[in-house]
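Novice: If you're matching them up, the sequences are chains A and B in order. No gaps in the numbering here: position 345 of the first sequence is 345 in my numbering, and each next residue is one more. No gaps in the numbering here: position 151 of the second sequence is 151 in my numbering, and each next residue is one more.
In short, the hints are calculated from the structure, not lab data. Check the hints yourself; a few may be wrong.
So, partial list: chain B residues that the calculated Cβ filter (under 7 Å) puts toward chain A [said to hold, decoys possible]:
1) Ser28
2) Asn60
3) Thr156
We put the beta carbon where it would ideally sit given N, CA and C, even for glycine.
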Amino acid sequence: MFGLTWTDWQLWLLIAGVIVLLYIARPYLHGLFRSVFFGLAYVLRDVARRLEAAGNAVYERYIELVAAHTAETLEQKMISQELKLEKRAPEIDRRASGIVDRLETSRAELDATIEAFRAVDLDEQTLQTVRARMDENSFSRSKSKLTSAVSDVRRAVKEELTPLRPQINALRSELKPMAENTARLRSISTELERSAKRINEDLVTFEACIHPDYEARRAAAQRQSILIPWLLALLVMSVALTGVFLNFFLIQRPMAEIVGDDLQVMGVDLPTAAALVVIFLEAVAGIVLMDAAGITRITLISTLPRLPKRILLYAAIAFLAAFSFFEAILAIQREVLIQIDQETTRMALGEGAEATQDSSGVSLTMIAQMVLAVLIPWLLAIAAIPLETVIQNFVFILRLVLHQVMIFLAFIFATLATILKALGLFVLRVYDLLIFLPLVIEGMVRRVRRPARRKAEGAA
Amino acid sequence: MISSALKRLASLAVLVSVAACGAITSNSKAVFMLVDVSGTYVREVPDAIMTAKLLTSKLNSNDMFAFGEIGSCSFSDNSLIVRRTLPGTPSQAALAKQDVFRSLETYGEQVDATDWTDIRGGLRYAASELEQSDQGKRIIVVHSDLVEDVSPDCDTSELSLDLEGITVVVTNVTRSDREASDPDAYFRRLEEWQALVEEAGGKWVHANSRDRLLEYIF
Chain A
1 MFGLTWTDWQ
11 LWLLIAGVIV
21 LLYIARPYLH
31 GLFRSVFFGL
41 AYVLRDVARR
51 LEAAGNAVYE
61 RYIELVAAHT
71 AETLEQKMIS
81 QELKLEKRAP
91 EIDRRASGIV
101 DRLETSRAEL
111 DATIEAFRAV
121 DLDEQTLQTV
131 RARMDENSFS
141 RSKSKLTSAV
151 SDVRRAVKEE
161 LTPLRPQINA
171 LRSELKPMAE
181 NTARLRSIST
191 ELERSAKRIN
201 EDLVTFEACI
211 HPDYEARRAA
221 AQRQSILIPW
231 LLALLVMSVA
241 LTGVFLNFFL
251 IQRPMAEIVG
261 DDLQVMGVDL
271 PTAAALVVIF
281 LEAVAGIVLM
291 DAAGITRITL
301 ISTLPRLPKR
311 ILLYAAIAFL
321 AAFSFFEAIL
331 AIQREVLIQI
341 DQETTRMALG
351 EGAEATQDSS
361 GVSLTMIAQM
371 VLAVLIPWLL
381 AIAAIPLETV
391 IQNFVFILRL
401 VLHQVMIFLA
411 FIFATLATIL
421 KALGLFVLRV
431 YDLLIFLPLV
441 IEGMVRRVRR
451 PARRKAEGAA
Chain B
1 MISSALKRLA
11 SLAVLVSVAA
21 CGAITSNSKA
31 VFMLVDVSGT
41 YVREVPDAIM
51 TAKLLTSKLN
61 SNDMFAFGEI
71 GSCSFSDNSL
81 IVRRTLPGTP
91 SQAALAKQDV
101 FRSLETYGEQ
111 VDATDWTDIR
121 GGLRYAASEL
131 EQSDQGKRII
141 VVHSDLVEDV
151 SPDCDTSELS
161 LDLEGITVVV
171 TNVTRSDREA
181 SDPDAYFRRL
191 EEWQALVEEA
201 GGKWVHANSR
211 DRLLEYIF
């Protein structure tokens, strides 16, 4: 070290000098190290605390948003259920009244049957018949006479029961409709019970979502699934986008027939740009249609009064129908263009136009293209339904991700702060270890001085 | 209400300025094809017509196509065979292309070889024709062996050329038998023409096959 070996006294003198210097500078260097490490650790911890607070605020906002959204959805659902029930109530009432009336009729008929049964006094009639026969044949006790009497009794009973037969048949015919009506009533009751249960569940969730207590709102919001509906909506949207892709290729070529193909808009060929514009317009018409129909709430259309909404609904339908028609025409034009181009290419290659197939009339491919062209604008309109979920849940997911990122960063900063603090302590300990000898001497001196000072203080 | 109207006006102004700043550009082309019909090179005319037809078949609506021959005195209206600007719609353009094909085929059937080769005159004629065209991209396709041989009656060897903004694509530059023993002569010829075109402000491209030619233009 510095050209000195461990056996050189100069080296030891240098080390001693450095130790003395370090001992003298100890309060200042300790202060410096504390400021650097502990100060930085404090700053990092403060950042971590702020990040955590911000992350929690983001989460709280997320919970509030999800709760509000769920409450809104449930409110709409309950209103629609209420309307449905209101609409169905007269029908249910009519059905129930009809069943009750039929049951009443059946009951009246049963009452009449019971009365008829009551009117029959079988014991008395039989007894009288037997007595009369016994009186007539009092002197003959032969077996044949008794047999005859028994036959008479049987006949009498039979005659007595004959009027009851229609009543029994009526009773039998009444029992089946009664069972059916009872089953119908039971089914109505079950259906109403199920609806009531569903409404009750929705109501409970709704109440939890608008509960003044944050914990209740959080519990309700945490039960709501955000990711799965979003993924499903995304899947449907992807399918719709595939349709858009297909539609684009169907209309891009014939669009040149309308707008020409010699211009470019920001580097994109004009037919391509025009086809994209048509698709965007179709998508907008679809969104307006779904919003005006009350199926989605992407734009402010859903908040408009009934009449403007109705006007927009019909306008969107008219636009989509016009787009369907327009695309069908483009599909025909596309086929025509393909044929002319093929013919031109054949002529260019010297094959002659006569090699062209007879392409007059409507081919199967043209029909397929036309069907697609007519359907796709409406499919695009339907794609507006998952679009709402995609946008809404994406915002929720973004907030959730932001919360997670902030919490993670807070954790990283807190860990760094802890590491820095530990590192600072380690550096201070190492420093003290290097100058342990002067420190020991200082301790000894203090111990010696303390009793002397106390004595002096006591004497004073 | 007023603010929304102002916003709309501002967006409209942005759109107009974007359009003014070159957002909308034209990709139309004007192609003038010059075909050498002098001497023995006249046997290459069917090949040139095939190239011209393929080239025309790939043009878009509003593109311009012209076909002229390099003969004894090429700076002449008689050397122009076909000149056609394609209509604005693809279907009409396709029908116009078919008309061009018919004209080219008719020309191919009755072409006669000329004694002299006036390439400069042809280039000057093509350049003056293209100068008047509205198309954004201007191309002269020269289908020749680039061996110039001007007649004393029509000496254009000192003719000045202005090929500013024009791309000159030479194709089917055949090698003569003499050049088989001296390949450098072939390349020297090409270099001389390249220097001439570039000095005149044009861009020089040598397409050694039909595919390369079509690939370059489209």
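Novice: Which of the numbered hints are not met once you compare them with the structure shown?
Specialist: 3
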